[in-house]
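J.: Read off the chains here:
There are 4 protein chains.
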Amino acid sequence: MIKVGIIGATGYAGSELVRLITSHPQAEIHTLTSQSYSGQPYGEVYENYRHTDYMCEEENIEKMAEECDVIFLALPHGVASKKINEDILSKTKIIDLGADFRLQDIETYEKWYTTHYAKDILPEAVYGLCEINRDKIKGRRIVANPGCYTTCSILSLYPLVKEKMVDLSSIIIDAKSGATGAGRGLSLGNHYCELNESVKAYKIANHRHTPEIEEQLSYAAGEDIVLNFTPHLMPMDRGILATCYAKLNKNYTYDDVRAAYEKYYKDEYFIRLTKKGVFPETKWVKGSNFVDIGFTIDERTNRVIVIGAIDNLFKGAAGQAVQNMNILFGLDEKTGIDMVPIFPA
Amino acid sequence: MIKVGIIGATGYAGSELVRLITSHPQAEIHTLTSQSYSGQPYGEVYENYRHTDYMCEEENIEKMAEECDVIFLALPHGVASKKINEDILSKTKIIDLGADFRLQDIETYEKWYTTHYAKDILPEAVYGLCEINRDKIKGRRIVANPGCYTTCSILSLYPLVKEKMVDLSSIIIDAKSGATGAGRGLSLGNHYCELNESVKAYKIANHRHTPEIEEQLSYAAGEDIVLNFTPHLMPMDRGILATCYAKLNKNYTYDDVRAAYEKYYKDEYFIRLTKKGVFPETKWVKGSNFVDIGFTIDERTNRVIVIGAIDNLFKGAAGQAVQNMNILFGLDEKTGIDMVPIFPA
Amino acid sequence: MIKVGIIGATGYAGSELVRLITSHPQAEIHTLTSQSYSGQPYGEVYENYRHTDYMCEEENIEKMAEECDVIFLALPHGVASKKINEDILSKTKIIDLGADFRLQDIETYEKWYTTHYAKDILPEAVYGLCEINRDKIKGRRIVANPGCYTTCSILSLYPLVKEKMVDLSSIIIDAKSGATGAGRGLSLGNHYCELNESVKAYKIANHRHTPEIEEQLSYAAGEDIVLNFTPHLMPMDRGILATCYAKLNKNYTYDDVRAAYEKYYKDEYFIRLTKKGVFPETKWVKGSNFVDIGFTIDERTNRVIVIGAIDNLFKGAAGQAVQNMNILFGLDEKTGIDMVPIFPA
Amino acid sequence: MIKVGIIGATGYAGSELVRLITSHPQAEIHTLTSQSYSGQPYGEVYENYRHTDYMCEEENIEKMAEECDVIFLALPHGVASKKINEDILSKTKIIDLGADFRLQDIETYEKWYTTHYAKDILPEAVYGLCEINRDKIKGRRIVANPGCYTTCSILSLYPLVKEKMVDLSSIIIDAKSGATGAGRGLSLGNHYCELNESVKAYKIANHRHTPEIEEQLSYAAGEDIVLNFTPHLMPMDRGILATCYAKLNKNYTYDDVRAAYEKYYKDEYFIRLTKKGVFPETKWVKGSNFVDIGFTIDERTNRVIVIGAIDNLFKGAAGQAVQNMNILFGLDEKTGIDMVPIFPA
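Residue numbers (the numbering used here), protein chains in the order written: chain E, 23 to 367; chain W, 23 to 367; chain Z, 23 to 367; chain R, 23 to 367.
These aren't lab readings, by the way, just hints derived from the structure by calculation.
Note that the coordinates shown come from a computational prediction; the quantities given were computed from them, not determined experimentally.
Mixed in with the good hints, there may be bad ones.
One copy or two, either will do: identical chains are not told apart, so a pair holds if it fits within one copy or between any two.
To be verified - Each computed BS3-like pair below joins lysine-lysine, with the alpha-carbon atoms no more than 30 Å apart:
id	residue 1	residue 2
1	Lys-160	Lys-298
2	Lys-158	Lys-225
3	Lys-105	Lys-25
4	Lys-104	Lys-298
5	Lys-356	Lys-225
6	Lys-133	Lys-298
7	Lys-298	Lys-272
8	Lys-105	Lys-297
9	Lys-272	Lys-104
10	Lys-158	Lys-298
11	Lys-272	Lys-141
12	Lys-85	Lys-285
13	Lys-85	Lys-113
14	Lys-141	Lys-104
15	Lys-288	Lys-85
Make a model of the complete structure from these sequences and hints.
T.: Shown next, in the form of structure tokens:
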């Protein structure tokens, strides 16, 4: 059994990770840490765990590195880069659900986030978008688990960009997320009556997932991409829908574009291309690691519109983190995360 | 008192209209008709009207034309164009909440909808987007009340298009609507558990509000506009948010763009431009006739992103219909529709 | 015009009151105060007021008493009783939306709440349940506006208790409330993802509205009543549904019980008795001052089950407060609060 | 592997069953039938199954009886009793999620439901409330899977009734259910905008789960019980909360009552008694087979208030059905249904 440590286990992503590890056939919870709740039973912080004896402990990453086979970090940005060093990496595997090791371009990181404290480690980190970087992930000591919006956005656009079928300067991503994306921290914006029965855009033109999407798509394209990304907050718990727009470089047909998606995704278990005329909805991926992708071409404007859907806490966070763990430890990638989406829920 | 007839009073838009006329100080309900519920007390069809003695009657538009000062039609497309003729118009005013008289281009109408049965009447119909066409509405006998998505989309983009500040081929409207937009008719897509806790795009690249937006913006631009419009269904009752994208023709500043919006809207009571850095949310316009509009410029891509928000049943249907009635009858435009948005609700 | 001051204008009840006074034909906002937001435009605290020039001021009740015809207090319990004194009452009318003047029994108040600082004033305060105490309210200087749960519960049970048709020891009230009842203050329990898609009971057997219901029903019965009251939190914004159970003293028929309700309520505009076999739902009263009441008799157990529904922010708070103001100032009781419920919303 | 047939696989309970069998380590889907969708891929009826090759077939129970080890029926009442006969039972096991075999009292069944067509089979059917009837279930050929409300209500009250700690004539159950309980069939009451943001009671004093609760609690008490059961519809997908009231026969303390619950439930894995002062909420059991139960005593009225919570589709339907299958086939009862509740969701 893989011994798992989770630092930051009492956020929503952390809690989802605890759930997945609990039912994973080849991994088990060894240590859960929480800054706010250390010393408390986990089942009092999340009462769905009422039947377990999990405890929230104070963080001691050195000790965890000694005892755990893998440590997941689910921390605010800027914290992980202070904790990870060569000594830790020499003893355990790290899967970071935060942003600190996602951007290889330090300058971009420091512009959009804060000072980076592990510049030496950064080059070793691999961007853990499993379907794209599977081979690079194997054997690494540290994986940067992608952001939720980014996972959905990149996978939705990857084949088009990789195959240079679209005008790279024309990409617009209009994304919609459920409220779990904003975490468990209290704020007026997340107060029930303020969020319920309303929709809004936020962090327009300045959301931190923008450079992450751009960096990865730029790798795919082999040239720099700048794009628009607009996140919206939906009155629902889980799910991300990304509606992506791009100008086609030629008058491609549906089948042309389909072929590009099939080329990259036809053997990907967790990517489900919808049939022509059918489009993803977040409810069909809830509680699962699936990424549903569908598209259409508007011949009037020669734009392709791609819709991608994921569960932000699952494929967008904890599920993909476990998928990365499975890759790191040589397990079947589906192990412990092969759930049928739960519906209605 | 203006005697009001409403044909199709038992849909959601019709019901909102009954509400607004009930509290209107210079208008009163004369006749309510309903195909499905004729003969039933209105307060049994909509129990919020439990205290009223309104009855659903069978439709007799000729009789209504004799007795009513104005008739509102809230009917499926293709029905109104069969009912309206010169005789009706010679006796009463018509405000049509449906699509039949919105598109002046017959060919476009028949391509996107169905056969038009009142081609002779069509030229007389005015597109009742009050803030833009106020002067044209006065004195007309028939007003085509705009669609909900279109009201929000056109008003959000009008100054940019009118002032030619944006590349007219670059416009993308990503719109989000509450479920009332889909009406009271039963369908699996509107079943509670199917719609709740999920978000989806629908009628991608083929929603009928597309040509309506295009026609009106083309008038404003003085040239033909083709654009992308993608509607999404949100798990909430009311509200439309339109996120609009367009490429700026020059490196305009925030203030440049602001000046354009001020030029057209600074005296418009029902249009509220948000402050710089503040963006509309549907909750702030719910239960009101307000249109909130805010925007930002992404200097990285030189795109302007405009956010517009309305209550789809109010400004997007019944409220604007009453606003049109007020214009037709020479009343203060705000009469009976000057509500503070209701929040939280 | 009645000059209105509101102390505590930035809570949900306060904000609803501002909305109702804004549209009231014979009253106007004179002063709005807020501890948290003083100095800020009200339209930035509640953006639905974006179009107004209301400002949040620091509280100065003495000055307000000089300048306002009536002051509404929407404050945490224990605060109002420190602010109100003979001097204030000699200059203005007070309508207190809080709990401090609702219980005439000081001992009960201090047991369930805290120390009372205006024991001298208390006897003068009238319990502002308009339909029951209308005549006592006229001419008073201070009105204790009833709680939301209590308004719904008392009105649902009053005829049965007054007519002694039920076993007074058998009363159980199982109440369900939307989240606005818990106010705008942040807490984990009101965090969107924690409240959404779940239901819970809270303050079981110790909610502070219990003694308020008991005191008023005891007055009606002419003897002491002790009962069970269990509040539940619903995943919705507005509305209270009270499901009330009591053992009938005899084998009363539906018509017997109906006669009791008609006796007290048949001329009450804001109380709508539902037809036999029809029961209240919160959606049918939303955004209105109506109280819908329906009941059935279970012959198997000889219990009567009464269902009452109100909008907790309207009839349960701000609407009833305005109704009390109307009574105090000799206006038609419906003035400014005669809205058709808004649906769907 | 246990070969599973499901008749009525396209209802919500059926679909949840398909999900649980899909991930069950010792069972597999053999046949899915659907009256409405036969011939269609299951993944088009429920797109969460997009990645599977399940097909909806026409029902042929005789063939299924030959080929399947167990057949689950998820059918409207009155249908199962026509399908099940000695021949079927001689070839396969039956677990009926409907009502036809739940009531042993034929007269009661026919009064509350319809004619019963398998009176000969009925005595053999066991009421599959696993925690109570485990030993009786073993070896049976037909199990009547309990209703959702009933599972929650009976388990919440069982120890009190069994131990005769409460006045058996005083029981009131006020239950709240999410909308999945009403199924996937279209109706105005389940239309999104009609159900959202509102709460209502329904089938007051005449819901068909009443006699089912009464029969089982009467068995426990050894005498006939008549009680009040009032179901309410909540604006949420899943979950049942039962708030139960009963008069204590003596002045029992919390610990006295606790001892009764511990006596029956302390070794029950799926029943989680909450700590003193903590009460169940539906979110903590969602997506799981757990039954959370908590209670308090109101000394003022000497009533005990018990709160029970389940996931209506899981423990209230499909999960308990699998639990029954596990018992029938001698597997560990938790096999395939030992999920940590999913939260937030």
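J.: Take the hints in turn and mark each one as holding or not.
T.: Right, here's what the structure says about each hint:
1. In the homo-oligomer, the alpha carbons of Lys-160 and Lys-298 never lie at most 30 Å apart, since the shortest distance is 35 Å inside one protomer and 47 Å across protomers.
2. When the C-alpha separation of Lys-158 and Lys-225 is checked against a cutoff of 30 Å, the pair qualifies neither within a copy, at 32 Å, nor between copies, at 39 Å.
3. Proximity of Lys-105 and Lys-25 under a CA criterion of 30 Å is satisfied intra-copy only: 20 Å inside one chain copy versus 51 Å between copies.
4. Taking the shortest alpha-carbon separations for Lys-104 and Lys-298, neither the intra-copy value of 47 Å nor the inter-copy value of 36 Å comes in at or below 30 Å.
5. Taking identical chains as interchangeable, the C-alpha atoms of Lys-356 and Lys-225 are never at most 30 Å apart, the minima being 34 Å within one chain and 34 Å between chains.
6. For the homomeric pair Lys-133 and Lys-298, the shortest alpha-carbon distance between copies (23 Å) is at most 30 Å, but the shortest distance inside one copy (41 Å) is not.
7. Taking identical chains as interchangeable, the C-alpha atoms of Lys-298 and Lys-272 lie at most 30 Å apart only when both belong to the same chain, with a minimum of 20 Å there against 39 Å between chains.
8. Neither within a single protomer nor between protomers do Lys-105 and Lys-297 lie at most 30 Å apart by alpha-carbon distance, with minima of 45 Å and 37 Å respectively.
9. In this assembly of identical chains, the alpha carbons of Lys-272 and Lys-104 never lie at most 30 Å apart, being 47 Å within a copy and 43 Å across copies at closest.
10. Neither within a single protomer nor between protomers do Lys-158 and Lys-298 lie at most 30 Å apart by alpha-carbon distance, with minima of 33 Å and 44 Å respectively.
11. Within a single copy, Lys-272 and Lys-141 get their C-alpha atoms no closer than 42 Å, and across copies no closer than 39 Å, so neither meets the 30 Å cut-off.
12. Proximity of Lys-85 and Lys-285 under a CA criterion of 30 Å is satisfied in neither setting, with 45 Å inside one chain copy and 42 Å between copies.
13. Taking the shortest Cα distances, Lys-85 and Lys-113 sit within 30 Å of each other inside one copy (10 Å), while across copies they are farther apart (59 Å).
14. With identical chains, the CA atoms of Lys-141 and Lys-104 are at most 30 Å apart within one copy only, with a shortest distance of 10 Å there and 59 Å across copies.
15. With identical chains, the CA atoms of Lys-288 and Lys-85 are never at most 30 Å apart, being 43 Å at best within one copy and 36 Å at best between copies.
Consistency note: the structure conflicts with the earlier hints numbered 1, 2, 4, 5, 8, 9, 10, 11, 12 and 15.
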